[in-house]
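The chain contents come next:
Number of protein chains: 2
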Amino acid sequence: MKLQIAIDRVLLDEAKVLMQKLAPEADILEAGTSLIKDYGVTVLDDLKEEAGGAQLLGDIKTIDEGAYEFKQGFRHGADILTVMGASSIETLQKCYDVSEGCGKDMMIDLLECTPEKTSEIVHFPHAIYCLHTSVDQGATANPSGDVLAFKKAFPGVRRVAIAGGINLQTVAGLSAAAPEIVIVGSGITKANNPIDAARKFRRVMAETCKSSM
Amino acid sequence: MKLQIAIDRVLLDEAKVLMQKLAPEADILEAGTSLIKDYGVTVLDDLKEEAGGAQLLGDIKTIDEGAYEFKQGFRHGADILTVMGASSIETLQKCYDVSEGCGKDMMIDLLECTPEKTSEIVHFPHAIYCLHTSVDQGATANPSGDVLAFKKAFPGVRRVAIAGGINLQTVAGLSAAAPEIVIVGSGITKANNPIDAARKFRRVMAETCKSSM
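Keeping their order, the protein sequence lines are chains A and B.
The opening position of the first sequence corresponds to residue -13 in this note's numbering, with each subsequent residue numbered one higher.
The opening position of the second sequence corresponds to residue -13 in this note's numbering, with each subsequent residue numbered one higher.
Calculated directly from the structure, the hints in this document are not laboratory data.
It should be emphasised that the depicted structure is a prediction, and the values quoted were computed from it without experimental measurement.
Please note: incorrect hints may appear among the correct ones.
Same chains, same label: a pair holds when it works inside one copy or across any pair of copies.
Keeping only pairs whose Cα atoms sit at most 27 Å apart, straight-line, the calculated DSSO-like set for lysine-lysine is [as the list claims (entries may be wrong)]:
#1 K196 to K2
#2 K137 to K103
#3 K103 to K138
#4 K186 to K57
#5 K57 to K176
#6 K2 to K57
#7 K7 to K186
Using the sequences provided together with the hints, build the complete structure.
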């Protein structure tokens, strides 16, 4: 499992400091939607410099104008960009084509997607499908159950991520479900000591992986 | 009917010039999603100065973190902000509460919303409901039919807007449907003479209104 740390709703200077500190602890560093909307997509250029060896994900939440937004995002340094599963199939296809053309990754945010809609959009083989509970709805109660149910419903999907209020207790339960990516935001960034918190997540994730072997 | 002119996918300097020129011809000037994502929400402050007597709409397409994004948008000078109908009910409620608290307007973008989802979110009395065909899908074939069908399906909704490839021919057919707002983008901004094009739209809309009286 990879650890993606999401940085959101902070000033740019604080985001840069957090990225620099957390880069050694993260597989993927996420520039949250608030950073994109507050500062514009060029914020990715600034943050890329702090990301070290971690991949940089821009949570741009595209829902229309797929080619334009994805070209902008990759041009400004993102390795992975997000598009809403709620978009039209045409928008998803355009985002996928740009991603494939750039040799980069597309993450499909399944926020509020019905099973019917999801079944129409699971045919992008390299895409990462992100199970996502809205910040405005609070944490997902059972991330492990969510991932297992998704994998059962859509066995053809290879790449799965999970986001939404993940904490140390719920991450420990993810061994059987084994998503490719676990996304943690305030559970790390709002901790008294974010580096320490990230290390705790990594440790629990490593133990979780070992126990499932 | 009000004319909303959407400015999208241009550099900020060009957007400012366009807004200044088009302000006398528009009821509402829209800072398109590309401007928000390219430059950040503070672009609204810059554009507000050019909007003259027209209202400024920020097409921020919120889909999560409703209160945060709406507070940011109104703080930076927007009169109207957009939220996706595809959001969770909780997100829509938070956006609505902020809008009402600020005495500003919320526009719900119904892009890709099913009738079932739409029926769950038509209870915000002051919200503007925007029927929207994706840029990536091309123009709506029958905007007048779309508005009439929506009003018939959801008779309780008072405020309706329509967007997606509206041109002089289709706008002329909107008299019976009579949406509150008609949104035109490239039909005006990409014309050889945008001011002239905007005036043509206004003239056709005025004749359309007269003919329906």
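ask   = For the identical chains here, do K196 and K2 meet the 27 Å Cα criterion within one copy, between copies, both, or neither?
value = neither (33 Å within a copy, 57 Å between copies)
message = Within, between, both or neither: how does the pair K2, K57 come out at a Cα-Cα threshold of 27 Å?
response = both (23 Å within a copy, 23 Å between copies)
task = Up to 27 Å between alpha-carbons, please classify K186 paired with K57: within, between, both or neither.
result = Cα proximity of K186 and K57: none, with 36 Å in one copy and 34 Å across.
request  = Have a look at K137 and K103 and pick one of within, between, both or neither, based on CA distance no larger than 27 Å.
outcome  = For K137 and K103, both the intra-copy (16 Å) and inter-copy (25 Å) Cα distances are at most 27 Å.
ask   = With identical chains treated as interchangeable, where does the CA-CA distance between K103 and K138 reach 27 Å or less: within a copy, between copies, both, or neither?
value = both (16 Å within a copy, 25 Å between copies)
query = What label fits K7 with K186 when the C-alpha limit is 27 Å: within, between, both, or neither?
reply = Cα proximity of K7 and K186: one copy only (15 Å, versus 56 Å across).
key: Within, between, both or neither: K57, K176 at alpha-carbon 27 Å   = between (32 Å within a copy, 21 Å between copies)
Checked against the numbered hints given earlier, this structure breaks hints 1 and 4; the rest are met.
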